[in-house]
Amino acid sequence: MAGKTEDIIDRYLEAVAAQLSPETRDDITAELRELILSRLDEKEEALGRAPTGAEVEAVLREIGHPLGVAARYRPGPDSLIGPELFPWWLYGVKAGLLVLGAIHVLSLVITLVSGPRDAGQAIAQAFHSFFGAGLTLIGVLTLAGAIMEHYRIRPRWMTEWRARDLPAFGLSDPLTWGVTAREAMKADDRTGQAWKTSPIRPVRVGGSSPAGEAVFSLLAIGLFVMWWLGLLAFPGLEAMTLGGEAATITAAPIWSALFVPILLYALGQMGVELFTLTNPDAVRLRAVLRIAVAVAGLWLTWTIFQAGHWFTLGADGETARVVGDRALLTIDRIRTLGDGPRDVAGIATTLSVVFTWVAAISAVSMVWSIFANAWRAVRP
Amino acid sequence: MWRLGAIALSADDELFESMRLELRRGSLVLAVLACLRTERYGYTLRQALAADGLEMEESTLYPLLRRLEAQGLLLSEWREEEKRKKRFYVLSPLGLSLLDRLTTEWRAINGSLDRLL
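Here the protein sequences come in this chain order: A and B.
Be aware that the first sequence starts at 1, since it is given in my numbering, and climbs by one per residue.
Be aware that the second sequence starts at 381, since it is given in my numbering, and climbs by one per residue.
Read the hints as simulated data drawn from the structure, not as lab findings.
Source: prediction; values computed, not measured.
Just so it is clear, CB atoms sit at the ideal spot from N, CA and C, and this is done for glycine as well.
A portion of the hints provided could be inaccurate.
Claimed, not checked - Covered stretches of chain B, going by a simulated chain A footprint (3 or more residues, C-beta under 8 Å): (1) 413-424; (2) 433-442; (3) 480-494.
Claimed, not checked - Here chain B is said to cover these stretches of chain A; the calculated rule only asks that three of the stretch's residues, wherever they fall, bring their Cβ under 8 Å from a Cβ of chain B: (4) 32-39; (5) 133-144.
Whole structure, please, built from the sequences with the hints as guidance.
Shown next as structure tokens:
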């Protein structure tokens, strides 16, 4: 056989061999070589002469590209994410991108409403941040999916799913966010469309479905943790203006002092949500874990409240403190909210009232969570 | 109009081809096992299958042979023939018994389909 033909075959087999494991490489390429030579013998007989280089390559193309040929010999999954996992991956990507998009749109609206110096820059920054976060999300989900596919990992929440957890999957359709199936049915009844749409009902996200709440919380807290660690930026929180002047919000020392406890608190919450997803029947243990999280949250809220100074607002050379104060927890303060002057000090006072009330309501909801979960933990 | 007709026909052909391949896929393993009652190497096995109307791509046949061997249904041996080393395959005892059972199953499916068709 001509040297040129041998070169072409060698190059082809080397490309196949490079994709195979060292244990099987020699055996498979020897068999493929024999196949190629048999095919060329057949060709030579039909032509009555030795095949040219182009004809040899045509035979190799018929056998297949080295990557495709080698892939057929490879044991294990032949796709990064197989047909069983793909719908889960797609749901994660859709829901995650929608939540990210909603957060970025909200953040952008805040920036634009507060009168940015450069709206174009704010929009560009929001797009940049969204694409960065979106690509990271897709990358992380693909990596997780590939690992699950490779090691055949199928968590219990994939195989032992319950009908009452299915509303969580409405997260991938923003039209159904916050809508209950019953509400949707009522709306259809009013418009006389119920009979047309009866097979497909919008489903509710969250509500009484523990898994639905867990998925939503995981996404939301995950985004918070990424922002807290500086891995994610929301332009609206960074660039603000006040009365046409650039405004700055400086965090008080309490936030840096509590950086690690707040991070641990958020991670602890994510841990409880993951536990909810993986152990949907461990109701009592979940209640105990939620009590622990609520107690930690109460301690954090109390510590932050006690610190008093939360932020410093600065604009046009003026600064004013945003503070937490028990004296702000009166109905009169709520009634007169926004009536004060529109200068830096006035806005700081308004923010102080809002944040103090938010802290108080959070504390009440945590106390409620402790009692409600204590009941779940002990009830027969 | 002619153009539309041509596109529709091509789509039909494509659909038929994909369904035909799906229909054949399940029967190819049976065909390979049946052909290897007699010892053969990859190239002659492919020719034997083609002679009986079952064309099979090399990139499908060769990995299938290795899989069947790994499952214990085939035995293989490297031997020199016509001045070249070739890998010969033949059914193992396990392969023979499995072929018998699969043949019975195939005939039952074939009978059912014949009645339906």
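Requested in this report: Check whether three or more residues of the stretch 133-144 of chain A sit with their beta carbon closer than 8 Å to a beta carbon of chain B.
Outcome: violated (count 0)
Query raised in the report: Would you say the stretch 413-424 of chain B counts as covered by chain A, given the rule of at least 3 residues with C-beta under 8 Å?
Result: Holds: 3 residues of the stretch 413-424 of chain B have a Cβ under 8 Å from chain A.
Report task. Take the stretch 32-39 of chain A, compare each residue's beta carbon with every beta carbon of chain B, and decide whether three or more fall closer than 8 Å. Result -> That given contact holds, which follows from 6 residues of the stretch 32-39 of chain A lying within Cβ reach (below 8 Å) of chain B.
Query raised in the report: Okay, the stretch 480-494 of chain B and chain A, do three or more residues pass the C-beta test at under 8 Å?
Result: violated (count 0)
Requested in this report: Examine the stretch 433-442 of chain B for residues whose CB is less than 8 Å from any CB of chain A, and state whether their number is three or more.
Outcome: Holds, because 5 residues of the stretch 433-442 of chain B bring their Cβ atoms closer than 8 Å to Cβ atoms of chain A.
Checked against the numbered hints above, the structure breaks hints 3 and 5 and satisfies the rest.
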